[in-house]
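Using the supplied hints, reconstruct the complex from the two chains, each of which is provided in its own coordinate frame.
Heads up: the protein sequence lines correspond to chains Y and R, in order. In terms of this note's numbering, the first sequence is residues 1 to 303. In terms of this note's numbering, the second sequence is residues 1 to 90.
What the hints contain is simulated information worked out from the structure, not anything from laboratory work. Built from N, CA and C at the ideal position, the CB exists for glycine as well. No incorrect hints appear here.
According to the in silico footprint, chain Y covers these stretches of chain R (three or more CB under 8 Å from chain Y):
#1 7–16
#2 21–33
#3 66–77
The primary structure of each chain is shown beneath.
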Amino acid sequence: MPADDHRLTTQEMARFVAEGYLRFDALVPEDVNQRVIADLQALESVKLRQALGRQVEGDVEHPESLTPLSQCYPAPSVIGEYLRLPQIQGIVTSLVGKDPLFDHDFVHRLPAGSGYKQHLHVDAVIDDPAPSFDIQIFYYPVAVQAGCGGTRMVPGSHLRRTRAEGVARYQHVLGEQQFSGPAGTVMVFHQGLWHAGQPNPGDTDRWLYKIRLNPQEPQVRLWNTDDFEALHNDPRDHTFAHMRGDSVAQVFRKMEPWQKGHEARYEQMQRTKLWRYLSGDDRYDVDYYHTRIEGRARTSGLA
Amino acid sequence: MERQQILYLWLAEGALDTETVAWAFHDGTQGRGPSLPDGEPPYKTAIAALEDGWFLLQSPAPYNLQPGLEHETSYLPNEFIFERRIAVKG
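Same shape as in the complex, but just chain R (with noise of 0.2 Å):
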């Protein structure tokens, strides 16, 4: 059977290549599966998480923004995810 892991990276910009500033790591494997390479961060981009096998599930839209709230600041705004699937026994 197969199980997903889920990878959450925040770039700093908009564009899959642009550098990491935050990231969350999910495992439906319960340890049976990978685990993420060391470093902090595992992958300096979303580029080189999908050249160690990470599919894309979600990236963020542009949005409209608000009058008057233009140059407000929030959550961080460019959440990427990504998941892979392991084969695991069952």
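Bound conformation, chain Y alone (with noise of 0.2 Å):
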């Protein structure tokens, strides 16, 4: 992102896209995290003993689903100082909106020495075919060692309409990535993307502060759109004809190692539609795949 502008350019929005995921790292200044764990380890309670069944009332501050972001954590709130970043607002706002609302949040500690591991999933339930979508933003306040508690993820995963629990069966998949990085990291992914929390074999908690959005307005060109029409491809952008090599399409074109064969057609394809909404153009196509079908359907009458 642009130093001035914090909002996302079209090339990091075809990315996110592409892959259901963004990295920033060390983005959160170290002094913020330094002192938001604090506040993480009286949230970790509060959301516990909530688990538990136990009452909560009159604890910590946390807001309840619904509130709008500008609403939760108020000063002098660290979570709050954290989530009003400029930096932060920027991803936000690109995504979601200016003021999406609070779906929840929860605290993710993995004590030194955890052996606790999760099976492969998609957080909630099965989503509907619509495209808009919610973000979660994973903060890590403290590095993570290689190995040591960072999340599993598997990059292009998120377009896949799959049962939560469904993917547990795949305990490797070619390409998949666990998070390590610096203090201050952020990731932000889309609601689809497959992941689990990981065992922590180091001598150093594993923190891990994350939040679920959902937006609140069309999410159609929010990002920083200096770059649009540069990389904005029409249909006529197709490999088997005409094809440029630096259009948002190329970005739809590159697979990660477990989409193969045939199949990446049509996870192309899914980008495709994600992108027609996002960027209100529903013409948009990349290798044609979606003209050809509409123009027949149009010839025949049946569109």
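Listed below in structure tokens is the structure:
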């Protein structure tokens, strides 16, 4: 993102559509990383007691679902200070608008030496076919060493419509990643990205603050569109005819290691559908798959 | 007595000689049997697994496409399941 405008660029938005996440290393200042731990400890206690069905009234202030983000965690909350950082606001605005609704948050602390391990899963329940999406922001205020409890994730899995636990059977997926990185790193996930918690054999607690946000407005061209006209291709951008090498289409053609063979064409079609929504261009296409089918439907009077 | 080892391979396409894209291993011998070869994936194709002594239990059949859902993506579609039976001491 440009230094003076924290919204995402068209190039970054295209990568989010293709890969289902974006990562920003050491985005949060170290001062906030250090001070937020006390807030997270208090919130973790509340969340865990609530999960056990115990009374938490009168405890640490934490927002209810459907609260606009701007009203969550007022000062002097350090969680609120993190959420109101211009660089976080830029990410949020670009993907789900200026004031999305708070869905929920959670503190995922993996103590040093924890063997807790999750199966691969998708959060919540299966999504409907609408292209609108929530985001989940993963914030690691403490550095995570390789293999020490970083989130496992499968890039490019977010547009597959699956039941939450239906992907548990995949022990290993080619090209999957496990997070490690410096303190203050933030990752933003499309709600559908397959992921899982992993054991922490290290000697440092793994801290993760996760928040889910729902859009309140159409997610159409909310990012910094200075590079939009240069990158947004028209439906003639077609591998088997004339292909541009510098367009959004080219970002969508790059597949993950597990997306091989003819299956990749369907991945590309799903990415195209999401970009149609985000760009507001319902004629957008990559490699002519939708255009060909829609043209025939018009010819036959079915569209 | 015998115990089962089960290997799932998800392949790029519906043919056994296409590339492995995901895998899972379940070991009924509790570590007393052979392990998988090193490498990610352990077998580049299902043919390589057959050559290493795995027996095919199940391969995916083509399925009818539901109108309107022809282009949707969901679970990994090309799931092949293998077993090998290992003699272990009781």
